[in-house]
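Participant: What follows is the residue order along each chain.
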Amino acid sequence: MKRRTSLNRIATFVAQAAVIGVLLVVWEAMAGGFGLEFKTLDPVFFSRPSLVASDLYSGLLKGEFTRDFLFTIQTSMWGLVLGIISGIMIGFLFAYLPWLNRLFEPLMVAFNSLPRPALAPVLVLILGLGMASKIVLSWSIVFFIVFYNTYAGILSVDPDLLKVAKIMGSNRFQIFRHVIMPSVFSWVFAALRVSVAFALVGAVVGEFVGSTQGLGYQMEAARGVLNSNRVYSILLILMMIGVVLTEISKAIERRLLRWRPPAPGI
Amino acid sequence: MVQSKIRLEHVSASYGNVEDQNVVQVLRDVNLDVREGEFVSIVGPSGCGKSTVLNLAAGLWSPSDGDLSGSINVHHSERKQTIGYVLQKDALFPWRTLIKNVEYPLEIAGMPRRQREELAREWINRVGLSGFEERYPYQLSGGMRQRANIIRVLAYDPEIVLMDEPLGALDAHTRMVLQQQISDLWSASRKTVVFVTHDLEEAILLSTRVILMTKRPATVSASRAIDLPYPRSIMNLKLTPEFRSVYENLWNEFCGLLQ
Numbered sequence: 001m002k003r004r005t006s007l008n009r010i011a012t013f014v015a016q017a018a019v020i021g022v023l024l025v026v027w028e029a030m031a032g033g034f035g036l037e038f039k040t041l042d043p044v045f046f047s048r049p050s051l052v053a054s055d056l057y058s059g060l061l062k063g064e065f066t067r068d069f070l071f072t073i074q075t076s077m078w079g080l081v082l083g084i085i086s087g088i089m090i091g092f093l094f095a096y097l098p099w100l101n102r103l104f105e106p107l108m109v110a111f112n113s114l115p116r117p118a119l120a121p122v123l124v125l126i127l128g129l130g131m132a133s134k135i136v137l138s139w140s141i142v143f144f145i146v147f148y149n150t151y152a153g154i155l156s157v158d159p160d161l162l163k164v165a166k167i168m169g170s171n172r173f174q175i176f177r178h179v180i181m182p183s184v185f186s187w188v189f190a191a192l193r194v195s196v197a198f199a200l201v202g203a204v205v206g207e208f209v210g211s212t213q214g215l216g217y218q219m220e221a222a223r224g225v226l227n228s229n230r231v232y233s234i235l236l237i238l239m240m241i242g243v244v245l246t247e248i249s250k251a252i253e254r255r256l257l258r259w260r261p262p263a264p265g266i
Numbered sequence: 267m268v269q270s271k272i273r274l275e276h277v278s279a280s281y282g283n284v285e286d287q288n289v290v291q292v293l294r295d296v297n298l299d300v301r302e303g304e305f306v307s308i309v310g311p312s313g314c315g316k317s318t319v320l321n322l323a324a325g326l327w328s329p330s331d332g333d334l335s336g337s338i339n340v341h342h343s344e345r346k347q348t349i350g351y352v353l354q355k356d357a358l359f360p361w362r363t364l365i366k367n368v369e370y371p372l373e374i375a376g377m378p379r380r381q382r383e384e385l386a387r388e389w390i391n392r393v394g395l396s397g398f399e400e401r402y403p404y405q406l407s408g409g410m411r412q413r414a415n416i417i418r419v420l421a422y423d424p425e426i427v428l429m430d431e432p433l434g435a436l437d438a439h440t441r442m443v444l445q446q447q448i449s450d451l452w453s454a455s456r457k458t459v460v461f462v463t464h465d466l467e468e469a470i471l472l473s474t475r476v477i478l479m480t481k482r483p484a485t486v487s488a489s490r491a492i493d494l495p496y497p498r499s500i501m502n503l504k505l506t507p508e509f510r511s512v513y514e515n516l517w518n519e520f521c522g523l524l525q
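Listed in order, the protein sequences are those of chains G and D. Residue 1 is where the first sequence starts when you use the numbering used here, and the numbers rise one by one after that. Residue 267 is where the second sequence starts when you use the numbering used here, and the numbers rise one by one after that.
Please keep in mind that the hints were generated in silico from the structure rather than gathered at the bench. Check each hint, because a few of them may be wrong.
[As the list claims (entries may be wrong)] Listed below are the simulated BS3-like cross-link pairs for lysine-lysine, each with C-alpha atoms no more than 27 angstroms apart in a straight line: (1) 250/G <-> 366/D; (2) 163/G <-> 504/D; (3) 166/G <-> 346/D; (4) 355/D <-> 166/G; (5) 457/D <-> 163/G; (6) 355/D <-> 163/G.
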């Protein structure tokens, strides 16, 4: 049985790799690779996997991405961390002070309905081309995700658990520490993956709109001079960052929420 | 003279407030006296207000729930954890392992880690859950969870144990196993227990006294001492003529209440 599942996994992996491989080959061929003359896709716009690979390789060797890579990672992580902290704090505040929640509800709904990338020009205008405008943009997305999850987490604390904890003599602090906090954190960590992905979105969009650094900025600059190889290289790097961050947050989620029943398969 | 632990005198209660015109009277002139060392079962039609009696005894009624009249006296010492409450739904903390769940009230009471771990293990062992200490609630069956739920309460040694249909959600077999365990635990400790159930048979099998309650608004319609010796074997007791006669006697009255 065990052998079969591991064989199955290898087969799946091979098939998945094959799909990607075929797509890359088709792309390469259509954009005039393999010495083909007929170009369905103009390599000026579509580049070619081989050209992207060599650009990425030489770029990495020369360290042409390092500074921008660090900039983007830094901004998105700041956005993420600040978004999580402030989201949890404001979530608690609003859940415990209903009048405050009522007071700010229209404002929160309005801001949350706003397509956040539209904030980028305003933020760049106010905060300039540096890191701050990107951090705030990234934060503005993460904050609402965490805020709503915290709020929902507090309101959905199992009343039976509260009852039991109370009868067992827990004081207010102990109820907060042992019942409410774990419940809220389960919601926040369940939303961690989404938060991480959106933190990156915020950072990159901010860099598109106005920046002097960052992968988004470099991509925009490469596009300006029609350097499509570089555009695709950066796209690939962003993809990698996304994958790595998602895997890390999945691992954190698995570790911290290991008391949860595994999600039913679809 | 055996001390009275829970005493309700002329207690009437209703949920909701008059302004909403949505008042539901649940209890009407309830008189109840539970003495130290008794195992009292309260039986009645579902939704009749049995749980309300437990909530009153546990001090969980707040004025915002509705109107309450009469006098309620619960005698216990000044300790913090004098009352144990077992809910029908096992209210285990999903983020704590079985042993950590049993340890919770001990932790709250400030018992040192070693000592509480040892005590928790002892109780886990007593109800046959050894080997499952590090499992999370979702990894346990319904019967195991309910056992954990019960020993979590017994482990902190409350003076009064309130149980609200703790076996209501279990299958017939598991139910019988747990009835036996509850009976054994009780005859060893002789704690004051108030046990709410809608199952008359279960009530007689476990209790020293059975109280029948009427439909809503509920009041006490009968209180019968069950003179069957302990320790009891749940499986065998059901077949004895003594049990049958008590059962038949109460059954007629119980059926009358359902109409």
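Participant: Provide an ascending list of the numbers of those earlier hints which the structure does not satisfy.
Facilitator: 2
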